[in-house]
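Engineer: Sequence:
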Amino acid sequence: MIPPPNVTGILHMGHALNNNIQDVLTRVARMQGKNTTWVPGMDHAGIATQNVVERALKKEGKSRDDLGREKFVERVWDWKEQYGGTIQGQLKKLGASCDWERERFTMDEGLSTAVREMFCRLYDKDLIYRGNRIINWCPRCQTALSDEESEHVDVEGALYHLRYTVKGEKTKLVVATTRPETMLGDTAVAVNPRDERYQNLIGKTVVLPILNREIPIVADDYVDPEFGTGLVKITPAHDPNDFEMGQRHDLEQINVMTDAGIMNENAGPYEGMDRFECRKQLMDDLKSGGLVEKIETHQHAVGHCYRCETVIEPRLSPQWFVKMKPLARPAIDAVNDGRIKFVPERWNKTYMSWMENIRDWCISRQIWWGHRIPIFYCDDCNHEWAARTEPEKCPVCSTGNFRQDEDVLDTWFSSWLWPFSVFGWPEKNDDLKFYYPSKTLVTGNEIIFFWVARMVMSGLEIMDDIPFDTVYIHGTVRDDQGRKMSKSLGNSIDPLDIIEKYSSDALRFSLMMITATGQDVYISDEKFEIGRNFATKIWNAARFMEMHSEGFDVQDLAFDPTTLSPDDQHLLAKLNEAIASTNDNLGRYRFNDATGVIYDFFWHSYCDWYIEYAKPILFKGSPEEKKHTLQVMHHAFSTALRLLHPFMPFLTEELWHGMDYNYSIETIMLAEWPEKIPTEGIDPKTVTYVDGKHDLIRVGRILRAEYNLANKQTAVFNVRPSNALYAEQIEADKISIIALLKAESINVDVAFAPEGAMPSGISTLGTVYMSIEGLVDIDAEIKKLSTELDEVVGHLANVKKKLANENFTSRAPKNVVAVQEKRQEELIEKSKKLKKMIDTLQG
RNA sequence: GGGCGCUUAGCUCAGUUGGCUAGAGCAUCUCGUUUACACCGAGAGGGUCGAAGGUUCGAGUCCUUUAGUGCCCA
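The numbering of the first sequence is our numbering, which starts it at 1 and goes up by one.
Take these hints with a grain of salt, some might be off.
Derived pair list, reagent style PhoX-like, types lysine-lysine, alpha-carbon separation capped at 20 angstroms [what the hints assert, rightly or not]: (1) 501 x 527; (2) 34 x 439; (3) 734 x 93; (4) 527 x 620.
Since the hints were made in silico from the structure, they are not lab data.
Start from the sequences, fold in the hints, and give me the full structure.
Structural biologist: Given below as structure tokens:
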């Protein structure tokens with residue numbers, strides 16, 4: 001399920017992240033053999049698109065009115081054909097594996113049919129109505145907006161305290177307001193009925209300054225005695241609360257502004273002024289009349305248009321609304337009873353609080369680009385009706401003298417139908433049956449209300465079923481200072497630049513790696529290096545294999561499980577762990593963990609350990625040994641490649657072909673998704689031994705590093721294994737240890753005792769001594785070992801203290817206690833060894 | 001005002017149902033390159049987990065208070 005991006009949009013990092021996650025999920029499901037579909041689409045983005053085209057017209061010195069409705073809409077379609085949908089190409093660059101032939105546009109014929117169908121159904125159920133109410137009006141776009149489209153921004157404004165005169169008295173009242181210009185539309189002053197200060201005022205009349213209109217003083221519970229002076233001016237036509245109060249007290253509603261936010265004829269001397277200019281002039285006038293008590297600075301939230309950031313003007317206006325409460329009830333149940341799950345879960349609360357306090361949705365827009373409201377009015381008999389198709393005559397009086405409503409619908413009125421409209425609804429077909437409901441919706445938290453919640457409501461209303469069972473909410477993409485990426489800040493990082501600089505795979509992999517579940521993502525250019533470096537690493541590993549694979553048949557990977565070397569077993573065990581962990585993490589939407597596991601397997605298990613182990617064999621081994629090792633390598637590599645594919649589609653596809661893995665399945669996209677591989681021939685004890693061997697090599701390397709030995713400087717290592725089994729295993733495995741330690745030779749001896757001073761260290765398999773030519777820095781050795789001893793003694797004290805605590809031994813789970821006991825043993829053993837080593841050095 | 005995050009190494013972040021010595025990448029320092037990769041390899045240093053209480057045998061993790069910071073809603 002793809003959230004349709006705006007037709008005007010270009011790809012930004014948020015899209016990249018969002019589509020990347022969806023693509024990963026889709027690719028995994030596809031490789032698992034599931035019938036997947038990922039429908040790409042575009043949203044006509046009514047206001048945004050209309051704005052873009054209007055701006056273009058303005059450059060030609062024209063307005064939309066110059067063209068007229070029909071020509072203008074044509075013009076928008078032209079624009080759409082020419083410039084729209086750049087984002088589709090960009091998504092392809094990102095590697096989004098959508099079903100491109102299914103691509104839909106919210107204004108295409110099918111979806112428009114769905115929109116009209118939906119409107120008529122809701123209208124017939126009385127869930128859509130026309131009402132004269134206070135709505136959010138954008139004076140620049142000159143249209144109504146829904147509550148969600150008004151963005152509240154905290155601004156440092158002012159609280160103006162104005163003096164009104166009580167009629168027939170000298171008493172002045174002080175009312176406080178943040179929008180003094182609306183005073184011109186005041187039709188009352190209100191106090192709280194329990195406010196003792198003003199009991200005597202209730203029922204009196206006030207003379208409105210400047211206009212000298214006489215307005216009543218009313219009592220209403222809504223008034224907060226604590227706010228300002230406890231007296232508020234009532235402007236029913238310009239404030240939702242005042243509107244409510246106006247209804248209760250039967251007050252006149254006086255609109256003082258035009259659609260463009262210019263003061264109208266009701267504003268008296270201010271007619272023709274811009275609303276903010278009027279505010280200034282009005283305040284000047286009141287000041288000179290001595291009618292201003294004071295002006296305080298005041299922090300408050302002011303609504304701004306989400307498309308053009310103009311300050312919203314709440315105003316009375318006849319608009320179309322959807323009754324939301326009946327639709328919300330089943331949508332609340334669906335989340336409450338767990339049919340729909342949010343990941344992370346905390347978004348439940350956000351969803352619920354919105355649903356439970358839902359208000360009717362204003363769906364009419366006074367623009368031209370969009371689905372025209374399918375309501376018709378008969379001029380002869382005044383009949384009003386909704387029609388799915390263009391009517392020929394009035395159904396009541398049968399005349400053709402009717403007209404369609406001028407308004408168009410909110411863009412989201414088409415978006416909320418997406419989960420079923422793209423499959424042909426209202427038609428009932430196989431696609432719709434098969435693909436509805438879908439599985440996972442992936443989206444950012446900013447459209448939970450706009451889109452997610454509404455899709456749940458429409459799905460339950462129309463399909464009688466949830467549209468998806470999981471809503472994965474990913475974080476917001478921010479810059480490295482935590483700011484939201486935006487054009488106006490100039491801090492956005494263009495994904496296409498990143499693709500250009502680091503590759504698409506690098507972008508994708510890096511994004512996934514830094515996306516912890518639902519956390520915001522902070523981004524800077526350097527973060528993409530991790531993906532690029534990883535891709536290069538894999539490329540080079542493949543190159544290495546290719547160099548040694550001449551004459552090798554990648555179709556012949558059936559190695560004999562009884563001949564697996566310890567390192568073979570270790571690699572395959574790690575591969576199994578990686579597969580299991582990747583699947584587990586993907587199932588829990590933990591993408592950073594999933595990519596981390598794959599990264600770790602390739603880089604460390606495969607490259608750092610296995611390839612280094614394999615080198616002596618590939619360079620100097622027998623043809624049989626070589627073949628066996630290559631079998632293991634290609635087996636592991638081709639499996640891990642499939643695991644990586646959803647995250648790095650381009651590189652993995654390229655290598656799939658380059659390494660000739662495409663002999664049976666042409667594309668890695670359809671190759672089998674890795675599940676646990678057979679563990680035949682893998683002995684867990686051997687795997688543990690190899691872990692110990694790695695530790696031994698690490699200890700040896702530390703010794704080399706201490707003495708700054710160059711790679712070519714030879715050193716003889718002596719190993720005193722802790723037991724006979726280890727001695728046997730190490731002895732049998734010497735070649736690879738020698739190679740990895742760049743040693744001249746290794747002596748394995750359970751009774752080894754150093755002659756004279758030798759640098760040494762303790763590993764899980766035993767003590768490692770390095771014989772080097774030249775002087776050993778005895779003091780430094782002693783100091784090193786003493787420091788280590790101190791640490792061990794410290795830890796030992798802690799462990800002993802724990803085990804001596806009866807509360808711990810009796811209450812903690814047995815396995816936890818056992819671990820501590822084992823650790824105690826190990827630490828005692830280690831401290832003994834260290835003491836002995838120090839003694840030896842001290843002679 | 002209400003709700004939700006975040007605070008862990010110099011930086012950016014992981015850390016799942018409380019349980020081995022708190023991890024990674026980057027950066028820093030040391031060493032290394034005739035044989036896949038400097039977009040590399042080996043190693044090192046670096047953290048009283050924002051603060052204060054509490055629960056618990058045991059807290060980065062749970063609870064309370066608090067500071068700073070960010071987002072959403074009113």
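Engineer: So, for every hint listed, does it hold in this structure?
Structural biologist: To see whether the hints hold, each was checked on the structure:
no.: 1; hint: 501 x 527; result: holds, 12 angstroms
no.: 2; hint: 34 x 439; result: holds, 12 angstroms
no.: 3; hint: 734 x 93; result: violated, 49 angstroms
no.: 4; hint: 527 x 620; result: violated, 40 angstroms
When held up to the earlier numbered hints, the structure conflicts with 3 and 4 and fits the remainder.
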